[in-house]
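FYI, the numbering for the sequence shown is 0 to 122, going by numbering that gives the first Met the number 0.
Bear in mind the hints are in silico, worked out from the structure with no lab data behind them.
Remember, predicted model here, so these are calculated numbers, not experimental data.
Any given hint might turn out to be false.
Label-pair ranges, simulated between beta-carbon atoms [said to hold, decoys possible]:
hint, residue 1, residue 2, range
1, K11, S121, 18 to 26 Å
2, A111, T53, 27 to 35 Å
3, G96, A73, 23 to 31 Å
4, H22, R119, 37 to 45 Å
5, P15, L101, 34 to 42 Å
6, I92, P15, 36 to 44 Å
7, N54, K14, 23 to 31 Å
8, K14, S121, 33 to 41 Å
9, H22, D95, 48 to 56 Å
10, T21, T53, 28 to 36 Å
Yeah, the Cβ is synthetic: ideal placement off N, Cα and C, and Gly gets one too.
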Amino acid sequence: MCEWGIEATQVKLAKPKSDGRTHAPVDPCIADIVQSLNDSGLQTLACCCGHGETNGRISLEDGRELILMSFDEAQALDAKEKRLTDAEVRDIINADGCDKTLREFGLNLLSARLKFRLARRSA
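Go ahead and model the full structure; you've got the sequences and the hints to work with.
As structure tokens, then:
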């Protein structure tokens, strides 16, 4: 990850911004990823590498958000998701005191699992 305040790298956008800009400043350590997304036609709106303080993010024009994390962090998250049954996730998100972020994460997880199961059945 880049240090905060390091000089940004200019990345060519997939399409010009409304103000006519064709390039945007990006953290150097993720510039190649952002450039590749834009080159493939996936317009990026915003990004930050996290500067060692948090996971990086790349926001796409279509509403998706890419979270950048290390391999180990991604594997730990994947394992954590797989350990919870649907019923356990429901219990957590319906519990008193469950914060909004965790509730949204749980609902998204249940939705993704359902879509995966339905897709597998129809295949």
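Of all the hints given earlier, name the ones this structure violates by number, lowest first.
1, 2
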